[in-house]
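From first to last, the protein sequence lines stand for chains X and C.
So for the first sequence, our numbering puts the first residue at 1410; every next one is plus one.
So for the second sequence, our numbering puts the first residue at 1410; every next one is plus one.
No lab work stands behind these hints: they were computed from the structure.
All C-beta atoms, glycine included, are put in the ideal place defined by N, C-alpha and C.
One or more hints might be untrue.
Residues of chain X clear of chain C, computed beta-carbon distances all greater than 10 Å [said to hold, decoys possible]:
#1 Arg-1436
#2 Leu-1471
#3 Val-1545
#4 Thr-1550
#5 Tyr-1554
#6 Leu-1578
#7 Asp-1595
#8 Trp-1618
#9 Glu-1632
#10 Gly-1633
#11 Asp-1672
#12 Leu-1736
#13 Lys-1738
#14 Ala-1872
#15 Glu-1880
#16 Ala-1899
The list that follows gives simulated cross-link-like pairs (lysine-lysine, BS3-like), each with its CA atoms no further than 27 Å apart [as the list claims (entries may be wrong)]:
#17 Lys-1562(X) x Lys-1738(C)
#18 Lys-1447(C) x Lys-1450(X)
#19 Lys-1435(C) x Lys-1447(C)
#20 Lys-1674(X) x Lys-1668(C)
2 protein chains.
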Amino acid sequence: MAENDVRSNRCSEGMGYVHCFADKVKRFPGLAGRETWKVGKEDPRRVIHSFKVGIALTLVSLLYLMEPLFNGIGQNAMWAVMTVVVVMEFTVGATLSKGLNRGFGTLLAASLAFLTEYIADAPGRIFRAVFIAIAVFVIGTMTSYVRFIPYIKKNYDYGVLIFLLTFNLITVSSYRIDDVWSIAEDRITTIAIGCAICLVMSILVFPNWSGEDLHNNTISRLEGLANCIQVCVREYFNDSEESTCQDDSSEDPIYKGYKTLLDSKTTDETLALQASWEPRYLRYFHRIPWHQYAKVGAALRYFSYTVVALHGCLQSEIQTPKSIRALYKDSCIRLGEEVSKVLRELANSIRNNRQFSPEMLSNNLNAALQDLNSALKSQPQLVLGSKNGRATNTPIQAVQHHDQKLEEDTRTSSPSVKNIGSSSRLGCRSREHSRELTKKVLRTQLSKIAIVSLEFSEALPFAAFTSLLVEMVAKLDRVMDEVEDLGRMAYFREFEDVENGDKIVVTCEKPKTDIAQNDVPSAGSE
Amino acid sequence: MAENDVRSNRCSEGMGYVHCFADKVKRFPGLAGRETWKVGKEDPRRVIHSFKVGIALTLVSLLYLMEPLFNGIGQNAMWAVMTVVVVMEFTVGATLSKGLNRGFGTLLAASLAFLTEYIADAPGRIFRAVFIAIAVFVIGTMTSYVRFIPYIKKNYDYGVLIFLLTFNLITVSSYRIDDVWSIAEDRITTIAIGCAICLVMSILVFPNWSGEDLHNNTISRLEGLANCIQVCVREYFNDSEESTCQDDSSEDPIYKGYKTLLDSKTTDETLALQASWEPRYLRYFHRIPWHQYAKVGAALRYFSYTVVALHGCLQSEIQTPKSIRALYKDSCIRLGEEVSKVLRELANSIRNNRQFSPEMLSNNLNAALQDLNSALKSQPQLVLGSKNGRATNTPIQAVQHHDQKLEEDTRTSSPSVKNIGSSSRLGCRSREHSRELTKKVLRTQLSKIAIVSLEFSEALPFAAFTSLLVEMVAKLDRVMDEVEDLGRMAYFREFEDVENGDKIVVTCEKPKTDIAQNDVPSAGSE
């Protein structure tokens, strides 16, 4: 497409239209060839899918081409061909959703059409025509309106369309053909055959699962974001001159890291919806909570807006001198690395279907935050207020003083959590408590950085950068929560502390309500 | 949906399954009724559209129900019914795109099918069957593969699908029916009739234009963002206590302002694509540059990430004491108001199809920035470095010193621009120069704020807030550029300075290349 633009630009600049057109035609085969090749190289499953469609179509054509099969089914074999063309989709979930929608839509429409015919059967011919026309109008209007309802539009749009189509075909046909029953029967049979071929081809022959795509997308987005933050922080403290305002941000490796994530809402939701049609179960016949994946995606998207703002600091036209940045380089890079590590750990947790230990991640983050804090404190430029910033002369400091005690509580409990972790069980209750404490510590760190770092000059843009980095830690919490929920809902394996060789068992009650909730939309439709 | 969740939660908690199901059934009519009513109330055009579909279906049924019409067309009238059901869409653009895709797809497939039949005609029956099966396989595979190419997928997906469908139907039928010609002819005629009915209904009877939706969406998003920033800044300086961390951000009026914008990419691009099929022209037969609207949307989305970060400052757990914020309240609020005013001005520019004056907007923004700057300077807490921050002892200050001269240039030219504006013409060249200068001033302001505001303590979170606010001004530039381009491409009326009663004529050469570029995708398809 980009080449296309360049070409058309050149065309309109100087050359005549004929020349330009000739140029276009000459370039077309090369361009088309390259584009075609790229599509297959990007995802070889596409090539396989294309062959699958070809085979399915050939199979369904045999219904018509082979004498014995044709004698059984006849002209209606066309409907099977049509069904295959329309229903066969790339993933199993999409095919199932379309196939079942088509099947149920047809059945429902046929029933209603016969009811209509039964009512219209009694009186004369003119009346019958008028009755049919009215029925078509009423059902047409109602069905079109129903398609605007978000719930229907999201789940059953295609089914409703097919319902309308079949209803009209049968009702209108019934006016001139007496034996509509047998036609409808044949048609439903052939549609069923078509659907069956599609389903067999997509489930049994090299199946592509929407759920798998969603799973992999989530992992790669977590990792992309992790890289992105790492590069971003490193580049900020990089000595070589390059962080000027780049307008062509499409080339940027950082931009690449979050680009797909920002606009992933539609993709994620479609995949989650399709995956919910797929017949894949966890042990004990619990469904995989695909909608939780979409929620993880939403939390990640929310998180990524902070990353965009952080990236903005790099591209900003105000910059803190390198000399000042260098003072806090190590602590900031460490915090950035810790955040990246957490994201990678979450990605691994999803990839390996095992739970992670929120305390350990929180502890590390916490340590990095404290490190940054002490770096801010230890610099000679820093002149703190009276009593090392703990005199209760401003409201914030009063709050801080209160938090300080909590922090000390946590500090003593933090190492003990680690020790306990390697030998004993941590119930949910105590875990919640520990996270609550960690949050308190985080808040204290935040206010300390706020107060402490302000005493020296020229650091405003750096302050904004640090502030966003710390903000990011706070927002990471929501992502961690969602992934933790996912782990519980999908019965991930329990967390094992590999370093200590011991096991920290993170037990929780079965989240029955959540699973039930996730089952609702798909259970209603089958 | 939310009620649904609540209900299913309650269900799984205590009651038995039967009770729960009964409860669901009992609640269903009320829920469905409310939902149905809401859909129509939100957008009454939906009700009208439903009636249009009903009427179109009734009209097309008459082909079958009325004796003289049926004699002309016969059984193939079914294809007209099918076409209407499938092609009729909400907006003119979508209907046209589907209708034309269906038409061309059918024609192309018919030609290819006859070519195939002609080749397969010569030898024996078995060979013919094999040949047809191979043709179906090859075309099926190739077509499915072509649908993965992004350009095809975006513009002609439906056409390719119909091509495959029709090709298969005709090729396979030709095996058992001799007179395929006449069948194909009838089928094409009826499809044409179906398409014609759809187009007449959607273009002539209460048409809904995708372009209009896109236009209105862009305006309402600009205004939503303007409100959002205004509320955001005001709330930050609000004295009443409410800015604690709100997790239920879905309720937030600020969140509402940018919520739809964040995920608007798909909607915008679909609307722009559909709009490009709509036969609406500007004067001189230039097309309306719908793709530029999508670009404005992209710039706005990019801008909105900063708004999200700004909103994050409100929800953050670190807060600067109110007493300090109060000192800069007026300047910050003024800057926020100016940014909002610019966004509203852009919205009005698009709404009224008239260009805006970038200089005037920039000047106002500039004045607000200087105001903030002097506010930061004037406070007694502030202790500036030697020589009022202009000693060239750090690199940034050296740069600043250089910029200072530029700023003085601009300061003298700024009022003159205003004066000249009311009486004489500003060519593009000089306008570009003036904007370049404005940018320089902006940069100077930024570094000044950076240095100046750092001398007093406890302001880090406030510094981040201010920094983001100023960053926002810098990013606003891209939005302004895109809207300006839109104005030029769509030949908006020239800007009139209403206050002075005079006219500032903003003339530019016709952007021929841009228009040509925008024509490419749709010109190729008609």
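Structure-based check of each hint:
Every CB of chain C is more than 10 Å from the CB of Arg-1436(X) (nearest about 14 Å), matching its label as outside the interface. Against chain C, the non-interface label of Leu-1471(X) is violated: not every CB pair exceeds 10 Å, the least being about 7 Å. Not every CB of chain C is more than 10 Å from the CB of Val-1545(X) (nearest about 5 Å), against its label as outside the interface. Some Cβ of chain C comes within 10 Å of the Cβ of Thr-1550(X); the nearest lies about 3 Å off, and the non-interface call is violated.
A beta-carbon of chain C comes within 10 Å of the beta-carbon of Tyr-1554(X); the shortest separation is about 4 Å. A Cβ of chain C approaches the Cβ of Leu-1578(X) within 10 Å, the least distance being about 6 Å, so the stated non-interface status is violated. Even its closest Cβ contact with chain C, about 15 Å, leaves Asp-1595(X) beyond 10 Å, as expected for a residue assigned away from the interface. At roughly 18 Å, the least C-beta separation between Trp-1618(X) and chain C is larger than 10 Å, which holds for a residue marked as non-interface.
With a closest Cβ-Cβ approach of about 21 Å to chain C, Glu-1632(X) is found to remain outside the 10 Å limit, as its non-interface label requires. Every CB of chain C is more than 10 Å from the CB of Gly-1633(X) (nearest about 17 Å), matching its label as outside the interface. Distance to chain C contradicts Asp-1672(X) as a non-interface residue, since its nearest Cβ pair spans about 4 Å, not more than 10 Å. Residue-level check passed: Leu-1736(X) sits 14 Å from the nearest beta carbon of chain C, beyond 10 Å.
At roughly 17 Å, the least C-beta separation between Lys-1738(X) and chain C is larger than 10 Å, which holds for a residue marked as non-interface. A beta-carbon of chain C comes within 10 Å of the beta-carbon of Ala-1872(X); the shortest separation is about 5 Å. Not every CB of chain C is more than 10 Å from the CB of Glu-1880(X) (nearest about 6 Å), against its label as outside the interface. A cut-off of 10 Å between C-beta atoms confirms that Ala-1899(X) is not in contact with chain C; the least separation is 18 Å.
The hinted pair formed by Lys-1562(X) and Lys-1738(C) fails the criterion: a straight-line CA distance of about 47 Å is larger than 27 Å. A hinted pair counts as satisfied when its Cα atoms are at most 27 Å apart, and Lys-1447(C) with Lys-1450(X) does not qualify at roughly 47 Å. Restraint check for Lys-1435(C) and Lys-1447(C): the C-alpha separation of about 20 Å stays at or below 27 Å, so the hint holds. With a CA separation close to 12 Å, the supplied pair Lys-1674(X) and Lys-1668(C) stays within the 27 Å bound.
Going down the numbered hints, you'll see the structure goes against 2, 3, 4, 5, 6, 11, 14, 15, 17 and 18, while the others check out.
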